[in-house]
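All chains should be built: construct the whole structure from the sequences, respecting the hints.
Chains as they are written, first to last, in the numbering used here: chain S, 1 to 291; chain L, 292 to 525.
Simulated from the structure, these hints should not be mistaken for laboratory data. Watch out, some of these pointers could steer you wrong.
Not close to chain L: a few residues of chain S, all C-beta gaps over 12 Å, as computed [as the list claims (entries may be wrong)]: (1) Arg45; (2) Phe132; (3) Lys244.
Under the rule of at most 20 Å between Cα atoms (straight-line distance), these lysine to aspartate or glutamate pairs were calculated in the DMTMM-like manner [to be verified]: (4) S/Lys2 with L/Asp432; (5) L/Lys442 with L/Glu522; (6) S/Lys11 with S/Glu209; (7) L/Lys415 with S/Glu219; (8) L/Lys431 with S/Asp270; (9) L/Lys479 with L/Glu503; (10) S/Lys84 with S/Glu179; (11) L/Lys415 with S/Asp230; (12) L/Lys415 with S/Glu250; (13) L/Lys431 with S/Glu250; (14) L/Lys415 with S/Glu251; (15) L/Lys431 with S/Asp230; (16) S/Lys102 with L/Glu522; (17) S/Lys244 with L/Asp432; (18) L/Lys431 with S/Glu251; (19) L/Lys490 with L/Glu503; (20) S/Lys258 with S/Asp270; (21) S/Lys182 with S/Glu61; (22) S/Lys274 with S/Glu241; (23) S/Lys98 with L/Glu522; (24) S/Lys182 with S/Glu286; (25) S/Lys255 with L/Glu434; (26) S/Lys11 with S/Glu234; (27) L/Lys431 with S/Asp232; (28) S/Lys274 with S/Asp230; (29) S/Lys120 with L/Glu392; (30) L/Lys312 with S/Glu20; (31) S/Lys255 with L/Glu392.
Distance ranges between label pairs, derived from CB positions [unchecked claim]: (32) S/Glu219 with L/Thr386: 39 to 47 Å; (33) L/Asn471 with S/Pro64: 34 to 42 Å; (34) L/Ile477 with S/Val124: 45 to 53 Å; (35) S/Asp176 with L/Thr463: 56 to 64 Å; (36) S/Met245 with L/Glu408: 26 to 34 Å.
Backbone N, C-alpha and C fix where the C-beta goes; we use that ideal spot for every residue, glycine too.
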Amino acid sequence: MKVVQVSILGKISGNVNADEVIGTRVTLKKMYSSSGEVLPFVSARAVKYAIRDALRNRGLEVDPFISDPKATEALRLADTGDPKKYVDNDLFGYMSTKGRGKTAERRQAPVALSYFKAIKDTPVKSEFGARFPRQWAGKVDDNPVPFEVEIAEFVGKLNCIMYDYIGKFEDGSVLDGGERAKRIKNFAEILLAPAYVLPRRTNSLNIPEYIASLVVLSENGPLPIYQHLDYDFENNRISLENLKMITNREEIVNKASKILFIDYKGSIGDLPQKIEKASVGKAVDEITKFL
Amino acid sequence: MKALVIRITFFEAFFKVHYTKTSRLSYPIPLPTSVAGMFGSMLGLSRRNAARTFTDCVFGACVDSSKKIAENRENATYMLFSKLKQQNRGKGVETISILNEPTYLIAIGGDESKIMEIGNQLSKAICYLPFGGQNDFFVKDWEIVGNFEIKNSEFVSNYIPTMWIGEITSGTSFQILPVNHNLADIDKNFTFILNGCVKLKKERMNEINTVEVSGKYIALYPLHKFVLVGEWRT
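Okay, here's the thing in structure tokens:
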């Protein structure tokens, strides 16, 4: 089984994945660990939503979803379930419910993404603002309404795995080679560039600021690589010690076809042996060729 | 009978308690059905094929003693659709419990030749990456611990129907949660042991298959004793 595994470290600022509004406070999505850490995150769903938008902007067809307000509860909104036509049904899978007691039609996603989650305890601050009465609403004399927006700046990690059945389906059919390669290339480019805009933005456009990506191509199935890309906050750089541990693990070194490292900041000099420095373009080409 | 044991760590994990819809709780340890799913994906089996392959196998998992289970909370927005009030959709926020970096020992037991074959296959390569309950929750690391003999034991260190417990040993920490099973008729509760172990009632001592790994007694159960859904049912 051919797979491509990607681990990305990037900085995210602002109120990116807004959570619920409590009174006048727009909160931020975050986890609280039992040891008291606050870990803001952008959910995998939000990242997929952003990537789906980027795919649409590149002219690829994405699922418009089936909406039937008269249907019973579970069937009111459903995935179309046409992976040949819609790129997101192909990459991210789908579940098309058929009603109570019936097995849903589904596709196990050949591309999985993790949460884009802070890797250490992060302070959450709030910004204040006010909504002033609008003239067109006819309430000019009303008082302004104050509100707060929670914001955070954190270094987070996003993991991704791509299997080789992108463009290959259960009925045995395979997309035309050009179309299949186009889907892989576009997805890899959007993910690694990064060329997606996260859905919520209060201050500015929210594109994550990538620090580094580790890309592992393997003909022998998934390898335990995700823990080896880490950030050294004391020295404010990628942890080389952790990266070196990849080369100490025989099961990774012997099974990986290629280990690529994208240094977006140009801050790393020599990489451990067997880890190759690559540009985004080179990594995208390698992934497309490999899968 | 033999059992193959794998140590596996997830960045996060969530094994949904069956009856919770909005405020979703997670079982602290994956049930045998989730463990079967993990082995199925590592072996590259479809749900239907896994159900067939694992008919005569037993599964279980326990918390790895060196790691403490930490629970996270995540807020999720939910929307209620009412048939009568289609325009007036109820909206609210509920918390979901998510496990932070849990490490488990997961085990599959069965006929010796079958278990050896599975072990050989997994030591060469795994096919798909197993997930911690849903595919947003990635595996951090895994390693094969080894093959072990399946025996009967008076102790259990993972989970067991609450009615079967004779004695809780000193210093044991646990949670009690309902499970959709048919091991016991009256009580549907399972006791999940996070640390320590419990002693079985005398009359149950010969009923449970366990595998002992570094002082932990992992009870293993067949899949048909749990409520299966979707393609697993077929």
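Here is what the structure says about each hint:
1. Here S/Arg45 does not stay apart from chain L, with its beta-carbon only about 8 Å from theirs, under the 12 Å limit.
2. Chain L leaves S/Phe132 outside its interface by the beta-carbon criterion, the shortest separation being 26 Å against a cut-off of 12 Å.
3. Remark: the non-interface label on S/Lys244 is consistent with the geometry, its nearest Cβ contact in chain L lying 16 Å away (cut-off 12 Å).
4. With a CA separation close to 19 Å, the supplied pair S/Lys2 and L/Asp432 stays within the 20 Å bound.
5. As the CA atoms of L/Lys442 and L/Glu522 are separated by approximately 31 Å, the hinted pair breaks the 20 Å bound.
6. Between S/Lys11 and S/Glu209 the CA atoms are separated by roughly 5 Å; this keeps the pair inside 20 Å, and the hint holds.
7. Annotation: proposed proximity of L/Lys415 to S/Glu219 holds, straight-line Cα distance about 12 Å (limit 20 Å).
8. With a C-alpha separation of about 26 Å, the suggested pairing of L/Lys431 with S/Asp270 is violated against the 20 Å cut-off.
9. Restraint check for L/Lys479 and L/Glu503: not satisfied, since their Cα atoms lie roughly 26 Å apart, outside the 20 Å limit.
10. For the suggested pair S/Lys84 and S/Glu179, the alpha carbons sit about 10 Å apart, so the restraint of at most 20 Å is met.
11. In summary, the hint linking L/Lys415 to S/Asp230 is not supported, as the alpha carbons are separated by about 27 Å, beyond the 20 Å threshold.
12. Between the alpha carbons of L/Lys415 and S/Glu250 the distance comes to roughly 12 Å, so the proposed pair stays at or under 20 Å and holds.
13. A hinted pair counts as satisfied when its Cα atoms are at most 20 Å apart, and L/Lys431 with S/Glu250 qualifies at roughly 17 Å.
14. For the hint pairing L/Lys415 with S/Glu251, the CA-to-CA distance comes to about 9 Å; that is within 20 Å, so the pair holds.
15. Restraint check for L/Lys431 and S/Asp230: satisfied, since their Cα atoms lie roughly 12 Å apart, inside the 20 Å limit.
16. At most 20 Å may separate the alpha-carbon atoms for a hinted pair to count; S/Lys102 and L/Glu522 meet this at roughly 10 Å.
17. Restraint check for S/Lys244 and L/Asp432: satisfied, since their Cα atoms lie roughly 16 Å apart, inside the 20 Å limit.
18. Between L/Lys431 and S/Glu251, the direct Cα distance comes to roughly 15 Å. Compliance with the 20 Å bound is thereby established for this hinted pair.
19. This hinted pair checks out: L/Lys490 and L/Glu503 have alpha carbons roughly 14 Å apart, not beyond 20 Å.
20. Between S/Lys258 and S/Asp270, the direct Cα distance comes to roughly 17 Å. Compliance with the 20 Å bound is thereby established for this hinted pair.
21. Taking the CA atoms of S/Lys182 and S/Glu61, the gap is near 12 Å; set against the 20 Å cutoff, the hint holds.
22. Pair hint S/Lys274 plus S/Glu241 holds up; C-alpha atoms about 15 Å apart against a cutoff of 20 Å.
23. Straight-line distance between C-alpha atoms of S/Lys98 and L/Glu522 comes to about 14 Å, which keeps the hinted pair within the 20 Å bound.
24. For the proposed pair S/Lys182 and S/Glu286, the alpha carbon gap of about 13 Å is at most 20 Å, so the pair holds.
25. For the given pair, S/Lys255 sits about 15 Å from L/Glu434 by alpha-carbon distance, which is consistent with the 20 Å threshold.
26. A C-alpha spacing of about 16 Å is found between S/Lys11 and S/Glu234, which places the hinted pair at or below 20 Å, so the restraint holds.
27. Between L/Lys431 and S/Asp232 the alpha-carbon distance is near 18 Å, which keeps this suggested pair within the 20 Å criterion.
28. For the proposed pair S/Lys274 and S/Asp230, the alpha carbon gap of about 18 Å is at most 20 Å, so the pair holds.
29. Note on S/Lys120 and L/Glu392: the hinted pairing holds, with a Cα-Cα distance of about 13 Å set against a maximum of 20 Å.
30. In summary, the hint linking L/Lys312 to S/Glu20 is supported, as the alpha carbons are separated by about 18 Å, within the 20 Å threshold.
31. At most 20 Å may separate the alpha-carbon atoms for a hinted pair to count; S/Lys255 and L/Glu392 exceed this at roughly 25 Å.
32. Distance hint check for S/Glu219 and L/Thr386: the Cβ-Cβ separation is about 42 Å, which falls inside the suggested range of 39 to 47 Å.
33. Between L/Asn471 and S/Pro64, the C-beta spacing of about 36 Å keeps the proposed range 34 to 42 Å intact.
34. Separation of L/Ile477 from S/Val124 is about 47 Å and conforms to the stated range, judged on CB atoms against 45 to 53 Å.
35. The given range of 56 to 64 Å is respected by S/Asp176 and L/Thr463, whose C-beta atoms sit roughly 60 Å from each other.
36. Between S/Met245 and L/Glu408, the C-beta spacing of about 31 Å keeps the proposed range 26 to 34 Å intact.
The structure is inconsistent with the numbered hints 1, 5, 8, 9, 11, 31, although it conforms to all the rest.
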